[in-house]
Amino acid sequence: MSDVDLAEDLWGPFGRPLFESPSAHALRRVGVVDVGSNSVRLVVFDGAARSPAYFYNEKIMCGLGAGLGETGRLNPEGRKRALAAIKRFQRLAEGMNIAPLTAVATAAVREAEDGPEFREEITRETGLRLFVIDGKEEARLSAQGVLLGWPEAKGLVCDIGGSSMELAELKASGVGYCVSSDLGPLKLMGFKTKQSQKAHIKSVIEDLHNQMPITDKRLFLVGGSWRAIARLDMERRNYPLHVLHEYRMTPRSVLDTAKWIAENDLDDLASRTNTSSERMALVPIASQVLKQLLKTFKPKEIAISSYGIREGMLYEQMPKRVRRRDPLIEACRSAEAKDARSPGFGRELYDFIMPLYKSAPDETKRLIKAACLLHDVSWRAHPDFRGEVCFDNTTRANLGGLKHRERIFLGLALLHRYKNKSETSRFAPLFEMLTPKQKTDAEILGKAMRFGAMFWTKHLNAVASLRFHPKKKELVLHLDPEYQDLFGEVAASRFNALASALESNARVEFSKG
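Its first residue numbered 653, the sequence shown is counted upward by one per residue in the working numbering.
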């Protein structure tokens, strides 16, 4: 067996954490500039190669594509603002000592007659080469961004920018057919009447559907205008967790929100959702596009992706073996290595509590492993608040491949890692997103980690082990007699609390091996 195979075998279904490998280190800090029709953004990625953190993120709403449909040229004021932004980004990159920035431009620059002139100006003033990608390439990169967060994603990706809208098919083999259209809100502002605008939207989307009839009924939405609509949907529904990535909507909910937007003052909605006025001005038109998209493609499930073209560019640089990794586990492993008091103990803890989960499906084991890896990363927080800090950090963290209910479950388990009771928590309204059984399971996991952490001073599984007999309702702790002093009053109290949560009797055996 090779060293790689051995490492994979040791880590079971999750594989060895690849951010420790030399090839992954090459991806540790990557800077990307995205010159869009509406905004210009710098993102610097850092951390675990498969699930990087946002080391730096800055966006300027330049409106390069404003008026492009009428003049055929970039917005003059937008050009000035974009150039100033890119100059700043280049200086920031130099200060961060990162590799040369990768810069791409999309619809506005590729369609404007002065686009080549603008590119030359960027190179002359900053030394940065601006790559202009076509619509299909834009669609492909956006779809790859979705794959960064959902490695097994299948369905239709729709990326809306200021001057264009792209569709890409995601299937088992990866990114499939890609198409581009002119359905960007800035472009659609050029129609003289709403009737002609709606007719154009309908005609284009029906043509797109004829080109790529999708059988999978899942729709992934990428782009600032879609995220703004999702945030408004949260506001209308009074949804408690304001995390846009992996937020789910139904077609009915989208239609209700579009109607609600039309009935309310846009400035008021912008204030309530912390949305820029420039972005909010595009929302009514984007809503019309989305309504027609739903009517034509008929998806059953809609998911918001915060990952798009920039993340797709990062995914492009990843070796295939890195792409196959689980983004959640990779991110948690990176967090443990960086912030835990004893990096590597998460694996010991996972092995220790697994007798409680012998028949658990892989998706549950995945969350258990993530919890064990994160169980100690918030130790610097004040002891009185560690539980709630864990919950807040986990539910709002940049973690890919994690549904909202899974975020809440993971956060609640980590809260119980430090705190027995959760009823008085200020986050209690969020707990209601879980079923009663899910809340109980999160409590059991938290108490199991809380107890296991009592044996931190030695290799946990050489000192103690658990056996759980659910039919006999018995939880047994086997403890090496040499280390029985570790089983003090606090450890005994936590062991009894775990047994009580399992509705079982607690028993301790002192024996070797």
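There may be inaccurate statements among the hints.
List time: in silico BS3-like cross-link candidates among lysine-lysine, alpha-carbon distance up to 25 Å [as the list claims (entries may be wrong)]:
#1 LYS1091 <-> LYS1123
#2 LYS950 <-> LYS823
#3 LYS1017 <-> LYS990
#4 LYS1010 <-> LYS950
#5 LYS1010 <-> LYS1089
#6 LYS844 <-> LYS950
#7 LYS869 <-> LYS950
#8 LYS844 <-> LYS788
Have a look at the derived ranges for each label pair, beta carbon to beta carbon [unchecked claim]:
#9 LEU918 <-> ALA1033: 19 to 27 Å
#10 LEU918 <-> ASP1036: 26 to 34 Å
#11 ARG889 <-> ASP1132: 51 to 59 Å
#12 THR775 <-> GLU915: 45 to 53 Å
#13 ASP1132 <-> TYR891: 44 to 52 Å
#14 LYS911 <-> ARG1057: 44 to 52 Å
#15 GLU804 <-> GLU765: 22 to 30 Å
#16 ARG889 <-> SER1152: 19 to 27 Å
#17 ASN1050 <-> TYR891: 41 to 49 Å
#18 TYR706 <-> ARG924: 19 to 27 Å
#19 LYS1055 <-> LYS854: 44 to 52 Å
#20 ARG743 <-> TYR891: 15 to 23 Å
#21 GLY996 <-> THR867: 30 to 38 Å
#22 ASN1050 <-> THR902: 21 to 29 Å
Keep in mind that the hints were calculated from the coordinates and are not lab data.
Positions of the beta carbon are idealized from the N, C-alpha and C atoms, including for glycine.
Given the hinted pair LYS844 and LYS950, is their alpha-carbon gap at most 25 Å? Answer violated: LYS844 to LYS950 is near 29 Å, above 25 Å.
Between the alpha carbons of LYS869 and LYS950, is the straight-line distance 25 Å or under? Satisfied, since the Cα-Cα distance of roughly 7 Å is no more than 25 Å.
Please test the hint of 19 to 27 Å on the beta carbon pair from ARG889 and SER1152. violated, 37 Å
Do the alpha carbons of LYS1017 and LYS990 lie within 25 Å of each other, as the hint requires? holds, 23 Å
Assuming the hint says 45 to 53 Å, is it satisfied by the Cβ distance from THR775 to GLU915 or not? For THR775 and GLU915 the Cβ distance comes to about 48 Å; the hint holds.
51 to 59 Å was suggested as the range; check whether the CB atoms of ARG889 and ASP1132 agree with it. At roughly 53 Å between Cβ atoms, ASP1132 and ARG889 fall inside 51 to 59 Å, so the hint holds.
Confirm or reject the claim that ASN1050 and TYR891 have a C-beta distance inside 41 to 49 Å. With Cβ atoms ~19 Å apart, the hint is violated.
Does LYS823 lie within 25 Å of LYS950 when you go C-alpha to C-alpha? holds, 18 Å
Run the distance test for LYS1091 versus LYS1123: straight-line Cα separation, threshold 25 Å. The given pair, whose Cα atoms are some 22 Å apart, holds under the 25 Å limit.
44 to 52 Å was suggested as the range; check whether the CB atoms of LYS911 and ARG1057 agree with it. Given about 27 Å between the Cβ atoms, the range is violated.
Taking the beta carbons of LEU918 and ASP1036, is their distance inside 26 to 34 Å? violated, 43 Å
Hey, LYS1010 versus LYS1089, does the alpha-carbon distance stay inside 25 Å? holds, 18 Å
Of the numbered hints stated above, those contradicted by the structure are hints 4, 6, 8, 9, 10, 14, 15, 16, 17, 19, 20, 21, listed in ascending order.
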